[in-house]
Each structure stands twice: as structure tokens, then as C-alpha cells.
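Hey, can you work out the whole structure from these sequences and the hints?
So the chains spell out like this:
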Amino acid sequence: MSQSTVSARTYLFTLLALLALTLLTSLLALVDLGRFSFVAGVAIAAVKASLIACIFMHALYETKLIRVVMTGGVIWFLILISLTLGDYLTRGWMPFPGK
Amino acid sequence: MADPIALAVREQFHSPEQQRETSTVGMWIFLITEVMLFGGLFTAFSVYRMSHPAGFDQGSADMEFWLGAINTAVLICSSFTMAMAVHSAEVGKNGKLALFLTLTILIGLVFLAIKFTEYYLHYHDQKLPGILFHDTSPDAAYVQMFFIFYFLMTGLHALHMLIGEGILCTMLFRTFLGSFSEHYHTPIELAGLYWHFVDTVWVFLFAIFYIPGAHMK
Amino acid sequence: MATLTLVEPQPAPTQPQLNYLTEKTGLLSWLFTTDHKRIGLLYVFSITFFFFFGGFFALLMRLHLLLPQGWLFGHETYNKLFTMHGIIMVWFFLIPSIPNTLGNFVLPMMIGAKDLAFPKLNLLSWYIFMLAGMTTLYAMIRGGVDTGWTFYTPFSTSYSTTFVITAAIGILISGFSSILTGLNFMATVHRMRAPGLTWYRLPIFIWSMYATSIILVLATPVLAITLAMIGIERVFQVGIFDPNLGGDPVLFQHMFWFYSHPAVYIMVLPAMAVVSEIIPTFSRKPIFGYKAVAFSSMAIAIIGFLVWGHHMFVAGESAYSAMTFSFLSYMVAVPSAIKVFNWTATMYKGSIQLDTPMLYAIGFVALFTIGGMTGLFLAAVGLDVHVTDTYFVIAHFHYIMVGGTVMAFLGGVHFWWPKISGKMYPEFLAKLCALTVFLGFNLTFFPQFILGYLGMPRRYAAYPPEFEVLNVLSTAGASILGVGYVVPLIYLIWAWKFGAPAPANPWRTTGLEWKTPSPPPKHNFEETPTVTWKAYDFEAQKEELQLG
Chain Z
1 MSQSTVSART
11 YLFTLLALLA
21 LTLLTSLLAL
31 VDLGRFSFVA
41 GVAIAAVKAS
51 LIACIFMHAL
61 YETKLIRVVM
71 TGGVIWFLIL
81 ISLTLGDYLT
91 RGWMPFPGK
Chain G
1 MADPIALAVR
11 EQFHSPEQQR
21 ETSTVGMWIF
31 LITEVMLFGG
41 LFTAFSVYRM
51 SHPAGFDQGS
61 ADMEFWLGAI
71 NTAVLICSSF
81 TMAMAVHSAE
91 VGKNGKLALF
101 LTLTILIGLV
111 FLAIKFTEYY
121 LHYHDQKLPG
131 ILFHDTSPDA
141 AYVQMFFIFY
151 FLMTGLHALH
161 MLIGEGILCT
171 MLFRTFLGSF
181 SEHYHTPIEL
191 AGLYWHFVDT
201 VWVFLFAIFY
211 IPGAHMK
Chain S
1 MATLTLVEPQ
11 PAPTQPQLNY
21 LTEKTGLLSW
31 LFTTDHKRIG
41 LLYVFSITFF
51 FFFGGFFALL
61 MRLHLLLPQG
71 WLFGHETYNK
81 LFTMHGIIMV
91 WFFLIPSIPN
101 TLGNFVLPMM
111 IGAKDLAFPK
121 LNLLSWYIFM
131 LAGMTTLYAM
141 IRGGVDTGWT
151 FYTPFSTSYS
161 TTFVITAAIG
171 ILISGFSSIL
181 TGLNFMATVH
191 RMRAPGLTWY
201 RLPIFIWSMY
211 ATSIILVLAT
221 PVLAITLAMI
231 GIERVFQVGI
241 FDPNLGGDPV
251 LFQHMFWFYS
261 HPAVYIMVLP
271 AMAVVSEIIP
281 TFSRKPIFGY
291 KAVAFSSMAI
301 AIIGFLVWGH
311 HMFVAGESAY
321 SAMTFSFLSY
331 MVAVPSAIKV
341 FNWTATMYKG
351 SIQLDTPMLY
361 AIGFVALFTI
371 GGMTGLFLAA
381 VGLDVHVTDT
391 YFVIAHFHYI
401 MVGGTVMAFL
411 GGVHFWWPKI
421 SGKMYPEFLA
431 KLCALTVFLG
441 FNLTFFPQFI
451 LGYLGMPRRY
461 AAYPPEFEVL
471 NVLSTAGASI
481 LGVGYVVPLI
491 YLIWAWKFGA
501 PAPANPWRTT
511 GLEWKTPSPP
521 PKHNFEETPT
531 VTWKAYDFEA
541 QKEELQLG
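Residue numbers (this note's numbering), protein chains in the order written: chain Z, 1 to 99; chain G, 1 to 217; chain S, 1 to 548.
Each hint should be verified, as a subset may be incorrect.
Unchecked claim - Subject to a maximum C-alpha distance of 35 Å in a straight line, what follows is the list of computed DSBU-like cross-link-like pairs (lysine-lysine): (1) Z:64 x S:515; (2) G:96 x S:120; (3) Z:64 x S:120; (4) S:120 x S:349; (5) Z:64 x S:114.
FYI, nobody ran anything at the bench for these hints, they're computed from the structure. The structure presented is a predicted model; accordingly, all values stated were derived computationally and were not measured.
Okay, structure coming up:
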């Protein structure tokens with residue numbers, strides 16, 4: 001195994017991409033986009049996280065099992081947040097007090 | 001002389017390949033437990049942010065945005081050096097492995113230094129939740145709530161960074177002992193996975209704490 | 001039909017070689033072991049202690065409830081009793097019981113492995129568990145906790161004057177033990193199976209333990225962070241869940257139940273795992289609908305994460321949220337029902353032997369069915385409004401956890417006892433105890449369904465006089481149940497030393513663990529087996545197992 005999984009060049013390009021995205025998100029933050037500020041910030045963060053996971057953490061180069069584990073974790077977090085927020089978002093939808 | 005590869009394989013495994021794959025699966029499973037750990041906090045944060053966006057935006061405006069942005073860049077660089085450390089281990093270059101591990105440790109310390117500076121600044125501005133908190137904006141209760149989550153989540157993150165520093169120092173020590181080669185360097189890979197994960201968490205923390213109020217300064 | 005007697009005509013077992021018990025002796029060899037079998041036994045000691053400790057609190061409660069106005073304890077003390085009973089039983093008995101005792105012991109052997117993937121992590125799990133237990137015991141000795149095992153805010157964060165933080169820390173630490181166990185099991189099942197052992201050749205026990213591990217790994221961290229938040233709120237007097245400071249108590253409930261509902265599947269899936277091994281063995285038939293049973297284990301684990309809001313129907317969640325959770329709760333009953341149908345179909349036209357493990361397994365199926373169906377009553381929002389926080393709920397979950405999990409645990413202990421100890425337990429006495437447990441259990445908890453439906457609230461130290469008869473019946477049942485638990489403890493200890501030596505495969509059943517001597521050697525298998533047969537293939541292995 002004296003072969004590296006990922007070349008140093010790929011790591012370098014990923015680093016530059018991540019730094020560029022950080023700059024982008026910082027510049028966007030200085031503009032008042034209203035509610036969209038938060039969404040845009042999280043979306044760019046998600047792109048950065050994917051780059052880190054796929055390249056630095058080798059998720060693209062590992063077995064399918066690893067990708068399933070990783071995706072499973074993300075999905076489970078989404079279950080937690082969506083069903084919880086779902087409660088709060090649907091409060092007051094029925095014409096009864098407290099519902 | 002005993003075969004170093006054979007020595008490194010534990011008795012429950014029948015090959016180095018099985019050991020490496022199993023350890024990697026194990027580390028990834030551990031990382032998704034961390035996703036759920038931080039996920040609970042992200043969820044709670046989202047509930048309050050959704051119900052009180054003004055207070056949370058105000059809290060975000062009280063953050064030192066550029067310190068956060070610089071810290072994000074700093075941590076990303078440390079992920080790069082960590083990835084290069086793994087790369088060096090994979091090709092058997094122990095000297096470069098030691099160099100990149102050291103760089104990662106140092107850059108991580110820079111991150112922590114900036115972080116603790118920020119904490120001190122918040123303390124100075126009376127933004128520490130609890131009896132020391134003082135704020136005059138209209139939604140002060142939720143500015144405090146913002147800071148409760150800020151300290152909880154970045155604090156938990158900083159704790160993970162400290163543990164990571166400890167792990168990396170151990171890896172550096174073992175590198176000097178000559179434990180790793182191109183045939184066996186699984187602990188370096190696992191340490192890398194952990195470090196990158198901690199970086200990923202920070203990327204999201206930056207997005208939820210620093211970005212929303214940055215335009216309000 | 002006469003039950004099969006066990007020892008003859010098998011060849012007389014010889015135990016001159018070293019096995020996992022004898023290969024190294026002395027206390028230190030146990031405290032520093034990495035052998036999954038020894039660690040399983042370390043856990044047996046721990047959880048047995050906690051079971052009787054938690055059971056002791058239950059006994060005190062039932063004694064107190066003999067009289068409508070109570071007589072033994074004040075109300076504050078009663079609050080502490082039900083809290084401590086719940087905490088001990090949930091986190092220090094039910095969750096670790098089957099996975100960490102039987103799972104640890106049997107799982108690697110069933111897949112032809114020498115040990116788990118991470119044996120040292122396994123030992124660490126036990127030490128963490130013991131640290132957690134000691135911390136929680138400390139909270140109890142110092143004066144206890146009175147918040148209920150559910151720690152609802154703002155009482156637990158702002159008003160309770162008891163040892164909430166210590167107990168929360170103890171439980172948080174136990175969570176790490178759970179996570180490491182789940183991680184270990186998952187990695188093991190993925191990467192340490194013997195050659196030829198594909199997923200669809202695995203015993204159902206492995207499928208169910210794997211499903212349990214998924215829950216352990218994904219749910220427990222949310223509990224950890226929730227308890228940490230309670231601790232921080234108490235220590236730093238900040239208001240995450242405190243309405244006075246802008247916090248939301250319902251948010252606590254969302255986060256708490258996100259873990260605690262899947263937690264009940266952590267308790268029941270391993271029990272189903274055990275039953276899925278016992279029933280084919282004592283019916284001499286492969287499990288009916290192997291893939292359906294395997295997939296239903298996974299379905300229970302997954303859907304089980306989507307139903308937590310059914311604990312919050314009256315807590316203030318939105319109506320749409322309640323409807324969603326109600327619907328999903330009905331869905332989760334489907335895979336459980338599939339299992340019940342398949343166990344029954346396995347027994348149909350089988351060659352039934354009513355040995356002790358089978359008695360416990362059949363008892364499990366009956367009681368789990370009642371418990372599960374009453375769960376559906378509770379999943380209906382309208383009915384839940386009437387019976388929530390009454391004894392109906394208590395009866396429901398005790399039917400599953402005690403009538404289900406504890407009975408399956410006892411069944412599994414008896415089933416694998418010959419393998420673990422190399423000895424046989426006394427069969428007649430064991431059967432008598434199984435019947436005692438079944439009768440005592442029903443007498444204890446069936447009246448509680450009626451009490452709940454009639455309106456007796458849970459967690460109350462006193463009740464209206466018209467409920468007295470049912471409460472007395474329940475307490476009588478509890479005493480009988482207690483006897484049914486104590487006697488096996490005695491005879492199993494006796495059998496460890498004085499029981500008849502057990503052959504390698506006393507039940508003449510399939511499964512790799514039965515191909516090793518009783519007790520097994522440290523590394524389980526001289527040579528890793530290569531598996532070319534299906535699970536439960538009694539027909540193909542007829543000669544080898546000397547089946548008539």
C-alpha cells in the first residue's frame with residue numbers, strides 16, 4: 001500500500017476550493033439577504049462539509065459501506081430536526097387553542 | 001526479527017486488511033454518533049432561532065465576525081495538513097508525516113487561541129449567560145438564549161478539539177517511535193477522520209452563529 | 001408429549017482441556033480480560049445486581065400501595081421510589097441486559113469469530129457501565145431523585161431539590177457504554193463473519209442484535225446531550241428549558257423522547273432475537289419467513305425513530321404533529337406483528353418440546369402481543385387523552401418490558417446456560433419458576449390495565465378507595481413474581497457448581513455456537529468454520545444432530 005489514496009494535488013485543490021467558499025460565504029454575509037442569509041450560509045457550509053467528507057475523509061474512495069454509514073448519520077439528524085421543527089411549524093394550524 | 005506487520009495485527013483479525021477495514025468502519029460509526037450528539041444541539045438551536053429570529057440575529061451581530069471567518073480558514077488549513085499527514089503515512093514518508101502532524105497540532109492551537117480570545121471578549125461585553133449577562137436590546141432573553149447555545153456548541157466543539165490535539169500528539173509520539181509505515185498507519189487515518197469531522201462541525205457552527213448577523217454591524 | 005431429556009444419548013462430555021473459564025484464573029484475569037465471554041459474565045453480575053436493586057424499589061412501592069392512603073412512605077419519598085425504580089431498570093438493567101450478557105457471549109460465536117471487533121473497547125464498555133452505576137447509586141444513597149425517570153423540565157431543572165445532576169451524569173456515562181457496545185457489534189457483524197456466512201445465512205439473533213446496535217448508536221448521543229443540557233441549566237442557572245427565561249419545556253420532551261422511544265426498541269429487539277433462536281430450536285423447524293423476520297427487525301429499528309411524539313399527545317405538540325406520530329406509531333406495530341405471526345407459524349406443525357426456554361419464549365409471545373396491542377390503544381390520540389399518565393400506560397409497558405424482555409432474558413439465560421457454564425440447570429424446578437413468573441406477572445399487571453382505564457393516575461402515592469381490591473391483587477402478584485425471580489438466581493448459582501455436565505449441543509439445534517464444547521475455549525473455534533448452509537437447517541443437519 002505505498003500508493004496514496006488521494007494525490008497531494010487533489011488535496012491542494014480541495015483546500016483552495018474550501019478557502020474560496022469561506023471567502024464567498026463571508027462576503028455574502030456582509031449583504032443583508034433577509035431570511036435567506038441563514039439558508040445561504042448553511043447551504044454553503046453543506047457544500048464545504050461534503051468536500052471535506054468526500055476528499056479529505058476519503059468517502060469517495062472508500063467502500064460503499066462507509067458511504068452508507070455516513071449518509072445514514074446525516075439522514076438520522078435530518079429525522080430529528082425535521083420532525084421536531086415540524087411540530088413547531090404546524091402549531092396554530094388548527095382553529096383550537098393550543099393546537 | 002519479528003514481522004512488524006504481523007505484530008500490528010490483533011488476534012481477533014485474520015489479516016491486516018480486515019483490521020484496517022474494520023477499524024475504519026468503527027471510526028465512521030463513532031463519527032455518526034458525534035453527528036447525533038451535535039445534532040441535538042443544532043435541533044434545539046433551530047427551534048429557538050425559528051421562533052425568535054430577531055433575538056438570534058441580534059446575538060449574531062454581537063459576534064466578532066472576522067475572528068470567526070479567520071478561524072474557519074485556520075481550521076480548514078489544519079484539515080489540509082492532516083490530509084497531507086495521512087498522505088505521507090500512506091507513502092511511508094515518516095519525516096513528512098511528523099512534519100504535517102506537527103503543523104496540524106500548531107494550527108489547531110492557533111484556532112483554540114483565537115476561540116478563547118473571543119470568549120474573553122464576550123465575557124468583557126457581558127454576554128456570558130447567567131448572572132453575568134447584560135443586554136439592552138428588545139429581545140434580550142433570546143439574545144441570552146443565543147449565547148447559551150453559542151457557548152454550549154462552540155464549547156463542546158473546543159472540547160473535541162482539545163481531545164483531538166491529544167490524539168494528534170499521541171500519533172506524533174508514535175511516529176517518532178517508528179510505529180508507522182506504508183503497510184501500517186491505520187491510527188493516523190483514524191485520527192485524520194476524527195480531525196476532519198471536528199472541522200466539519202465548525203463549518204456549520206460558523207454558518208449558524210456568525211453569518212446571520214454579520215450584515216448588521 | 002414427553003419433553004426430551006437432555007443428556008443421554010449424547011456422548012459423555014469430557015472437560016479436561018482448558019476452556020474460557022479455566023485457561024487463566026484469579027480476579028485480575030477477570031478484571032483485565034478482553035474475552036467477550038468473560039466480559040459477558042462480568043455484565044451478568046452487574047445487571048443481576050441492578051435488577052434486584054430496582055426490583056426492591058418496585059416491591060416497596062407495591063407494599064405501600066396496599067392501602068389507598070398509603071402507609072409506608074410520604075409522598076416525596078414515594079416520588080423518589082418510582083424515579084429510582086425507573087432509572088435503574090431502564091438504564092442499568094433493561095438496556096444492557098440481553099445485548100451485553102447474551103449478545104456479548106453469543107454473537108461472535110454465532111458468526112464464527114474469535115471475538116468481537118474491538119475486545120478492549122468491550123472491556124472499557126463494562127468499566128464505563130460500572131462507573132455509571134456507581135455514580136447513579138451514589139445519587140440514590142445520598143437521597144435519591146424525585147423527577148421520574150423522564151426528568152421533565154422545568155421541575156428537574158428549576159424546582160427539584162434532589163440529586164438530579166449526579167443521576168443525570170450517571171445516566172450520561174452509561175450512554176457511552178451503550179454506544180461503544182453498539183459500535184462494536186455493528187463493526188463485528190459487518191467485517192468478522194466467517195467465510196461463506198452471508199447476511200441471509202445469519203441467525204435472526206444477529207439481525208435483531210444488529211438492528212439494536214443501530215438504535216444504540218444513533219439514539220443514545222441525543223440522550224447524552226439532553227442530559228448535559230439539564231445539568232448545565234441547573235449548574236449555571238441558564239434557561240434552556242425554563243419558561244421564565246424564554247425556554248420551552250416541550251423541546252426537552254422532543255429531545256428526551258427522540259432517544260427514549262427508540263430505547264424501548266433497544267429493550268425489546270434483543271428479546272425478540274432470543275425468542276427467534278429458541279422457538280425454531282424447540283419446534284425443530286426453521287423460522288417461518290426468514291427474510292420477513294430479518295427485515296422486520298430492521299424496520300422496527302428504523303420506524304421506531306419516527307414515533308416519539310406519541311409520548312407528547314397531551315404535552316402541547318401541534319395537532320398535525322400528533323396525527324403524524326399517531327399514524328407512524330400504527331406503522332411500527334406492523335413489523336412487530338409480522339414477527340408474532342412468524343413465530344407462531346414456526347411452531348405450527350413443529351415438533352414442540354416444552355423445555356424451560358420454550359416456556360419463556362411462548363410466554364413472551366403471548367405477553368408481548370398483549371403489550372403491543374395495548375400500545376396501539378395508546379397510539380390512538382383520542383384514547384390516549386383518556387388513559388395517558390394512568391396505570392394503563394404502566395401496564396402496557398410492563399407487559400412488554402417485563403412480560404416481554406425479562407421473560408426472554410430468562411429464556412435466553414436458560415437456553416445458553418449449558419454453553420456458558422458447561423452445566424445443566426435443574427429442569428423441573430426451572431419449569432416451575434417459569435410458570436410462577438408467568439402467573440405472578442399477569443396477576444401483577446393485568447389489574448393495572450383495569451385500574452388505568454378506570455382512571456387511577458400513575459406516580460401517585462395514594463388513590464381513591466374504590467381501587468383498593470385491584471391494587472391488592474397487583475401487590476399479591478408482585479410477591480409471587482418476586483419469588484419466581486429469586487429462585488432461578490439460587491438454582492443457577494447452585495447449578496454452576498453442582499449441575500450435571502452439559503454436552504456441546506444439549507438442545508440438538510443448529511447454530512455455530514453449538515459446535516463448540518461447553519464451555520467453549522477462549523478463542524471459540526480451533527479453526528474458523530466455513531459456512532455453506534442456511535440458518536436453522538434442521539433437515540440438512542439431521543444426521544449430525546441425531547434428530548429422529
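### Query
Within 35 Å, alpha carbon to alpha carbon, are residue 64 (chain Z) and residue 515 (chain S)?
holds, 33 Å
### Query
CA of residue 64 (chain Z) to CA of residue 114 (chain S), is that 35 Å or under?
Distance of about 26 Å is within 35 Å: holds.
### Query
Are the Cα atoms of residue 120 (chain S) and residue 349 (chain S) separated by 35 Å or less?
violated, 45 Å
#### Entry: Holds or violated: residue 64 (chain Z) to residue 120 (chain S), with C-alpha atoms at most 35 Å apart
holds, 27 Å
### Query
If you draw a straight line from the CA of residue 96 (chain G) to the CA of residue 120 (chain S), is it 35 Å or shorter?
holds, 31 Å
Comparing the model with each earlier hint shows a violation of hint 4 alone; every other hint is respected.
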